[in-house]
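A.B. asks: Sequence:
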Amino acid sequence: MIRGARAPPLRVARLFLPSRRLCGVDSRTGVEVPGTGQQDDGRILEREGEASLDPATVTPEVLLRMPPPPPLPGQPESGDYDAENLSSGSGSRRRPREELRLTDRILKVLLQDGPGFSARKALDEMNLKVTNELVRQVMFKFVVSVDSVNRERYPRLAYKFFVWAGQQERYRHNTSMYNLVMKVFAECGEVKAMWRLLEEMTEIGLPVSARTFHILICTCGQAGLRRRLVERFMKSSSFNYRPFRSSFNAILHTLLTIKQYSLIEWVHQKMVTEGHTPDVLTYNVVMRAKYLLGKLDQFHRLLDEMGKNGLTPDLHTYNLLLHVLGKGDKPLAALNLLNYMSDVGCVPSVLHFTNLIDGLSRAGNLEACRYFFDEMVKKGCEPDAVCYTVMITGYVAAAEFEEAQKLFDDMLVRGKLPNVYTYNSMIRGLCIVGEFDKAYSMLKDMDLHGCTPNFSVYSTLVCRLRNAGKDSEANHVIKYMTKKGQYLHLLSRFGGYRRC
DNA sequence: ACGCTAAAAC
Numbered sequence: 001m002i003r004g005a006r007a008p009p010l011r012v013a014r015l016f017l018p019s020r021r022l023c024g025v026d027s028r029t030g031v032e033v034p035g036t037g038q039q040d041d042g043r044i045l046e047r048e049g050e051a052s053l054d055p056a057t058v059t060p061e062v063l064l065r066m067p068p069p070p071p072l073p074g075q076p077e078s079g080d081y082d083a084e085n086l087s088s089g090s091g092s093r094r095r096p097r098e099e100l101r102l103t104d105r106i107l108k109v110l111l112q113d114g115p116g117f118s119a120r121k122a123l124d125e126m127n128l129k130v131t132n133e134l135v136r137q138v139m140f141k142f143v144v145s146v147d148s149v150n151r152e153r154y155p156r157l158a159y160k161f162f163v164w165a166g167q168q169e170r171y172r173h174n175t176s177m178y179n180l181v182m183k184v185f186a187e188c189g190e191v192k193a194m195w196r197l198l199e200e201m202t203e204i205g206l207p208v209s210a211r212t213f214h215i216l217i218c219t220c221g222q223a224g225l226r227r228r229l230v231e232r233f234m235k236s237s238s239f240n241y242r243p244f245r246s247s248f249n250a251i252l253h254t255l256l257t258i259k260q261y262s263l264i265e266w267v268h269q270k271m272v273t274e275g276h277t278p279d280v281l282t283y284n285v286v287m288r289a290k291y292l293l294g295k296l297d298q299f300h301r302l303l304d305e306m307g308k309n310g311l312t313p314d315l316h317t318y319n320l321l322l323h324v325l326g327k328g329d330k331p332l333a334a335l336n337l338l339n340y341m342s343d344v345g346c347v348p349s350v351l352h353f354t355n356l357i358d359g360l361s362r363a364g365n366l367e368a369c370r371y372f373f374d375e376m377v378k379k380g381c382e383p384d385a386v387c388y389t390v391m392i393t394g395y396v397a398a399a400e401f402e403e404a405q406k407l408f409d410d411m412l413v414r415g416k417l418p419n420v421y422t423y424n425s426m427i428r429g430l431c432i433v434g435e436f437d438k439a440y441s442m443l444k445d446m447d448l449h450g451c452t453p454n455f456s457v458y459s460t461l462v463c464r465l466r467n468a469g470k471d472s473e474a475n476h477v478i479k480y481m482t483k484k485g486q487y488l489h490l491l492s493r494f495g496g497y498r499r500c
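First residue of the first sequence: 1, per the working numbering; consecutive thereafter.
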């Protein structure tokens, strides 16, 4: 039994002795995920006669010097749009549903834009009361409806509306609105236009936010460009706002969400050299990056340094520590840490148990997983879908499908909805034990339960079927996917149908 | 005045 004694109030770092045992990190987590890559070189919003810049060769210096986008040339006017007049008197108290309908009408008007129809004029005639909410909804509509056919036209229309809205009385675009139109551009691969928007924001003195940074950095396919963007934001005086103590933390945190671990190291280095004091958030982000890069010695050094600087670990620090202890197959140290947490008033939550169990299952210690799972329930902590999924995935990986099935059933009984991750693990488990028919039924069940399979789920099933020499069944699954019209652009990854 | 703010798969 793992049951351990109460933890003495020791320094967290001591739990890691001997630290050598913690080595070994997933190769998959240490790999940098490539950015969204180069997008098509769109000419939309480009000035007449302006040389088209190739994003692959353009330097940030050039981009940063770009002038703000000029207003689009006005369309020939024609007044044959019989806009139904909306009373703007009660406009300020418009219900969200009404605004949604209004959004559709605005889009309809914008879509008619072209020679012989001026969307601007039609918008004027609609007597709209322009609010942040309205602009948000119109932009959002564009973001979600972009596809390969309209990706050249939509940014034009979205920008046309954006400019028109910005000219209305008693309305001013704020940072969010710029972020939204930037997001439309991002979806359409209009990278240069995004950079020009950034310039415009700076020129009119509008602060940039972490969201602005996030949208922009996702379009930087090259590491050099990403670093330039980071530098720009670090220097920017208009990037310094509330929820984060410093703009460094906002940058670090964003980089964590997009898995740019090496860039985190770089920013941290800069931060230290420039004499900025890291806080708990800084340490948490950098330590996580170090762990994911497999640099456990540096991870421990930072943990020590954090304590020496008088910073107290918070729930996120403990979360990470528990995961690392689990991954290093140190259930006893983890138990001590859980007790210690309770002692210092940071009561472990599902999140903590889930992370610990996830680590332990990666280490292959299913017995310890089960122990902490039961312990969690005993403490009155209800496992959620993620926690169940982590347990199920662990059992599937350990080829103990019966246990996985029991947890899956238990999950349903307790009203926790399985999600794509859960189904994916279950389907993989069924394939491993050779129950291919059941795996296929589960795929179909997903849809019935309102859970749309993603490409990974299809991929799991198709690959497992093929590995078992069941090519015709694999083709059947591909047909099922094709029939539903899903992931057709990824179809080539299956290498087409295979002859049986 | 920002955006909904650190958990999971091959």
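These are calculated hints, taken from the structure and not from any lab test.
Each hint should be verified, as a subset may be incorrect.
Result set (DSS-like, lysine-lysine): computed pairs, CA atoms no more than 25 Å apart in a straight line [stated by the list, open to error]:
| no. | residue 1 | residue 2 |
| --- | --- | --- |
| 1 | Lys-259 | Lys-308 |
| 2 | Lys-121 | Lys-141 |
| 3 | Lys-406 | Lys-416 |
| 4 | Lys-378 | Lys-438 |
| 5 | Lys-438 | Lys-483 |
| 6 | Lys-378 | Lys-406 |
Note that the structure is a prediction, hence the values are computed from the model and not measured.
A.B. asks: For a quick check of understanding: which of the numbered hints are violated here, in increasing order?
C.D. replies: 1, 4
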